[in-house]
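There are 2 protein chains.
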Amino acid sequence: MRLALSFISALALTAGLTACQGSESPKTMTNAVKKSGQMTGFDRTLKAAQVNLATKMDSPLAMPIPKDPGGGYTHETHKANGFLLYDVGQLYALTGDKKYAEFAGQAMMDYAEVYPGWKLHPAKKEQSPGRMFWQNLNESMFLLNVAQCYNAIKDTLSQEQQDKIEKDLLRNMADFLSVEAPETFNKVHNHGTWATAAVGLTGYAIGDDEYVQKALLGLDKSGEAGFLKQMDVLFSPDGYYNEGPYYHRFALKPFVIFAQAVQKNNPEYKIFEKRDGILKKAIYSLIQQNYGGLFFPINDAIKEKGIRTNELLNGVAIAYELTGDTGLLSIAAEQDTFVLTPESRKLARDLAAGKATPFDYKSMRLGDGQDGTEGALDILRASNDPKGLAVVAKNTSQGLGHGHFDKMGLLVYDAGHEILRDYGAARFLNVEAKYGGHYLPENNAYAKQTVSHNALVVDETSHFDGDVRVGNQHAPKLGTFIDDDNVTLTSAEIETAYDGVRIDRSVAIIKDSAFDGPVIIDLVEAHSESPHSYDLPFHYNGHLIETNFEVKADPTSRTPLGNKNGYQYLWKLAEALPIDGLSQVTWLLDRKFYSVSSAVPDGTKVVFTQVGANDPNFNLKNEPGFMLRAKTNDGISIVSVIEPHGDYNPTLEYTLGSHSQVKSLSHFEAGANEYIQIQTKDGERVGLGLAGDADPTLTHTVDVNGEAVTWTGAYKLFHSNKHKSAGN
Amino acid sequence: MRLALSFISALALTAGLTACQGSESPKTMTNAVKKSGQMTGFDRTLKAAQVNLATKMDSPLAMPIPKDPGGGYTHETHKANGFLLYDVGQLYALTGDKKYAEFAGQAMMDYAEVYPGWKLHPAKKEQSPGRMFWQNLNESMFLLNVAQCYNAIKDTLSQEQQDKIEKDLLRNMADFLSVEAPETFNKVHNHGTWATAAVGLTGYAIGDDEYVQKALLGLDKSGEAGFLKQMDVLFSPDGYYNEGPYYHRFALKPFVIFAQAVQKNNPEYKIFEKRDGILKKAIYSLIQQNYGGLFFPINDAIKEKGIRTNELLNGVAIAYELTGDTGLLSIAAEQDTFVLTPESRKLARDLAAGKATPFDYKSMRLGDGQDGTEGALDILRASNDPKGLAVVAKNTSQGLGHGHFDKMGLLVYDAGHEILRDYGAARFLNVEAKYGGHYLPENNAYAKQTVSHNALVVDETSHFDGDVRVGNQHAPKLGTFIDDDNVTLTSAEIETAYDGVRIDRSVAIIKDSAFDGPVIIDLVEAHSESPHSYDLPFHYNGHLIETNFEVKADPTSRTPLGNKNGYQYLWKLAEALPIDGLSQVTWLLDRKFYSVSSAVPDGTKVVFTQVGANDPNFNLKNEPGFMLRAKTNDGISIVSVIEPHGDYNPTLEYTLGSHSQVKSLSHFEAGANEYIQIQTKDGERVGLGLAGDADPTLTHTVDVNGEAVTWTGAYKLFHSNKHKSAGN
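Chains as they are written, first to last, in the numbering used here: chain A, 1 to 728; chain B, 1 to 728.
These are computed hints drawn from the structure, not numbers from a lab. Any given hint could be a false lead.
To be verified - Partner residues aside, some chain B positions facing chain A, computed with beta carbon under 7 angstroms: (1) K305; (2) L429; (3) P555; (4) T556; (5) T651; (6) S658.
As the list claims (entries may be wrong) - EDC-like cross-link-like pairs, simulated, lysine to aspartate or glutamate; straight-line CA separation at most 16 angstroms: (7) K592(A) x E432(B); (8) K592(A) x E304(B); (9) K621(A) x D590(B); (10) K303(B) x D590(A); (11) K187(A) x D220(A); (12) K592(B) x E432(A); (13) K621(B) x D590(A); (14) K621(B) x E623(A); (15) K572(A) x D554(B); (16) K303(A) x D590(B).
Just so you know, these numbers come straight off a predicted model, no measurement behind them. For each residue, glycine too, the CB sits at the ideal point set by N, CA and C.
Isolated chain A, as found in the complex:
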């Protein structure tokens, strides 16, 4: 453990963790801010690095003969050495203190001495084996660090030293990662990006353009592979990464670091302008995909991961260098960690100088797929307040092997919290006792299944019958996306998730004076001509407070809700029947109440669940949920209002507005046009008309209880004062 901690101080250093991590007390923050009066965050990082290295540099680096797989001693030692050399090189560049250059030079000489003798790693992975590490991905990461170190200190070395390091370490490793590993190097995949970036940085460091050209254009320099191709393919035109933000942040680092080197060495390539500035878009879109500092946990995702991640520290600094967007300073303030680069220094200085402005969080449709034609991640935000009401509609493509089967699933956030949540990955990252820290069996069996999401399940099976190959072939067809003052809405449909069933979902955040704040309207429809059962789950976060129907949990027994497709992991707590076609469920989270009011078909049941059945090893989080469950012969339509309301204040000891404002809820259709009507308990009436055809010039009419409601364009929000009729 003591040894292991020394790895960490190197890691922590690289990530600039001099200040607070995780949730902070106001006091800690106050101190941090006070301190920043004298020192910027970057200064603190720099100083901490100097202090840390002062002891590390007393003795030469350990360079054990490669033996252990990931997590083992030799693996972690070389990994830490790579980060440490990066820091040492940067410290020399930033301070000019020769001792850093001398230490780094000696360490690289030492590596040059042993590396040529290291053949394939004894614990090598079958695909893409390494020499210093069990897989060449780690070797790329090491070279990425060491090439930058060499670049920083090269001029301090003798010609003899340069020759030896270049020949026996840098070229040796770069060759191993390129010409000797074409299957990785030429792959259009994030492992390929790590390899091309490492090799390209080596080329710049040793002044050999051949490496640079291979890195940019592939081994044969045709452009069919290599870094530029990866830039073209791995992000959508909007900068969305196919697997989602958790893997996006991992892929991002080599992109931005090598691109920055290209910009410095070959500014004529205008690399940051390529593909309409795709790398900037990739940085921005990743930032937009966070709430409360944490990435949207779609697909396989460790939910604690967010914008403080190391990979995005470089990204934000580089984006700021490129754009001067002072909104990025707010992101840097939230990261509160810096890296040892001139760009990060500038970021910290401008932050300390008070130049930060709020980051421009906004509603957006991030097209998915290389051409942006494979669905989209739709983000609806009620405002640019990072803690305001927000909805994520997962209208993306499958997202490959890490994708989940949750077409048109929703995440809802409010007041800094997840309100309707995604389970994320079933995994305890690096926790040995939990399946070696790998994805748990429950990841495939529960977390990926449709029922673990806020997405419509048909016949208790997952989308595409849980087959990722089928899923990869089909993305939702996108409908309207609108971002107006009082209505932000998205819609999409898919007819390939289930045979013979087309699912539509339209989700809108609306602002109307009938409610104390913005609310969500959610219309889910399944079109089918054959009998099916439908489950619409709501995985709520909080404590159940009330329902508008009687519900009693079984007091003395629990049984699993099903036996496959994820249902076997849900305890069935209770089942109830809503009255008069309206289901209302209210829960409390922190200081607010949340209600889902749904107009449901006759005979719909509400089933209350808790995750954790068939979990003998205590692998699952025991999260609550409820689902609307119906069987019909001809499809289904469920319209819900998802409504944050009230105020639970235990400090001042009052509670207000604990009940939903929704009195009734109706849905009317006329062909492809929809009209949703809400009546509030205060007697107000709010209507949302949605056109099947978004043409702004077309006029639509829907019959609402005998009254014709008419509007022009894709949608209209109607408001009626008390005691007036519907329609306007």
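Fit chain B to the known structure of chain A by using the hints.
Relative to the frame of chain A, chain B by itself:
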């Protein structure tokens, strides 16, 4: 709802909630701190009050005829009026702006017009009815506010106005609360304190010493009742409040506000020096009883309540005025809210001037009972870091009707979180849908029962058989309390909780280099000569990670663990048998791991539980736990090491030290002397000798596997290097 919100802005104003409440983002804090460069927190409170009142003062206050009980319109309106008049009076005093005095004078004239006509409240409570409110407690609170308002603006009124307000409102109400309600006024109870404080403040405001004397000395001015008597009785000599911190903070406000008025008007009474400065002690002891800003949730307690509570805003400001202790400025910084008093202004100014020093959190024994002889609340802190490891040992008396049956129960905190937790009260405060916001039936049936605490249960029954009258008669007998550099420990025993069973518990935080940080040693013993079953529950907070024995949760069914004494609310998830007398259970919370390693008798089972059986109405929080369960014929001894360890870092993606360091654990006895020995996986040995007699001159010897271990005094911490023998 809109109307209700206006109540709240008045409330919020009084509590000075201009800045952030609840959990804060670093960004929000940064802004708050930035702002404080120009304005102090007090300035913000003042400004917000002015802005808020600007609109409120456009029209006269509504003064509806009393009709509704607590929570209803007339109740909430008058309550809000009281707070508003307090604010208006203070604003006049602070700004000198006549408009405030005019508004307040008119409002009091209006009240003087209607109040005499209001007889007993139509919804009056049987005991202690009010006129404006359903109970006279609320009337006292109203008068407390209004008397202070009158005091502030009196000089601006004509003689005629003064006469009318004094006669028809102030004296009328003060008489109603004193001579007309002797059963409350003369009661030595916190309701009595509210009444005496309100009446006494009225006396000062109108210049009638008769009211002051009755307030201080009781209606007959004998001193057998009244405020001074309450000061003598309601707090222990250490400033501990019998019912615990949740009710302490409620009782505190009238004490400090009236005492402050006494100090100003009759400094010769030296009220803050009485009983060795009991009121200062009461403020300090309440602050000490928080972790992470929240009060220790012993007995009936809303767990969200903490040092930001309105009642303690005055308390901290007044204590600072009295003591000049700059540690209190750190508490004010954490409160981040201010009240409209000169003392609070000074607090904010000194805070803004950077005078804050860390608050001196420390280990302490807070004696319980009027004479400090009825047990104690023992607080052990590993350091003065408010987020460090801390233990609360509930060695107090019962705590009257709000007391829980958890003699010598433990709470454990670390890294800002609850680690072993108390359920707190089963109540959703003011949430109508949850049993009208009152204590839920599950409060008596589960939350008060012994099994819901980290306390030893004998024969599956609660302490004192759950009878509060019996409980009130018996407190634990206190043993050693030590606060040295490397050992902080407390012990206590009780022989009245169960017939024929004496329970001892010794708990120590120890610091030894064998562990990465401080750990807890917990020795629980039951002495009995007859067969009993024993359950020692650990209500852990986090996700179960590993055990040193095989355990499988039942995959497809759950049943309640018992049918009475709280057991009926626990689902039994799994039962397992530890191997070789060592039970180890490890869980993960946020960024750290926690292990409980216990040396247990042969045949002990470990039962894993979750709260939530027999809960048809979803009233309970589904918290996990495990309990060590044994049956013996002659008592039991269980020694545990409660060990925070490791580091789970999802930002940098590493995990360290996820396993307990404890390899084995033994307990040796020689008469009343105990020796606990821990062997770590690194081969180190740590021993703790505990003497039955704490006399510092006595020498004790315990036979440890054939070797005599000897020490002098109450305890000794032994450390053996690797491969050396036990004993030293």
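Hints, one by one, checked against the model:
1. With a cut of 7 angstroms, the hint placing K305(B) at the interface with chain A holds, because the nearest CB-to-CB distance is about 6 angstroms.
2. For L429(B), the suggested interface contact is upheld, since its CB lies about 6 angstroms from the closest CB of chain A, less than 7 angstroms.
3. With 7 angstroms as the threshold, the beta carbon of P555(B) comes within range of chain A, its nearest partner Cβ sitting at about 4 angstroms, so the hint holds.
4. Residue-level restraint check for T556(B) holds (minimum Cβ-Cβ distance to chain A is 6 angstroms; threshold 7 angstroms).
5. The closest approach between the C-beta of T651(B) and any C-beta of chain A is roughly 5 angstroms, which is under the 7 angstroms cut-off, so the hint is satisfied.
6. Given hint, S658(B) at the interface with chain A, holds; its Cβ is 5 angstroms from that chain's nearest Cβ, closer than 7 angstroms.
7. Under the criterion of a C-alpha separation no larger than 16 angstroms, the hint pairing K592(A) with E432(B) is consistent with the structure, at around 14 angstroms.
8. Between K592(A) and E304(B), the direct Cα distance comes to roughly 14 angstroms. Compliance with the 16 angstroms bound is thereby established for this hinted pair.
9. A hinted pair counts as satisfied when its Cα atoms are at most 16 angstroms apart, and K621(A) with D590(B) qualifies at roughly 14 angstroms.
10. For the given pair, K303(B) sits about 12 angstroms from D590(A) by alpha-carbon distance, which is consistent with the 16 angstroms threshold.
11. Between the alpha carbons of K187(A) and D220(A) the distance comes to roughly 13 angstroms, so the proposed pair stays at or under 16 angstroms and holds.
12. Using a Cα cut-off of 16 angstroms, the hinted pair K592(B) and E432(A) holds, with the two alpha carbons roughly 14 angstroms apart.
13. With a CA separation close to 14 angstroms, the supplied pair K621(B) and D590(A) stays within the 16 angstroms bound.
14. Between K621(B) and E623(A) the CA atoms are separated by roughly 11 angstroms; this keeps the pair inside 16 angstroms, and the hint holds.
15. Between K572(A) and D554(B), the direct Cα distance comes to roughly 15 angstroms. Compliance with the 16 angstroms bound is thereby established for this hinted pair.
16. This hinted pair checks out: K303(A) and D590(B) have alpha carbons roughly 12 angstroms apart, not beyond 16 angstroms.
Violation of the numbered hints given earlier is absent; every hint is satisfied by the structure.
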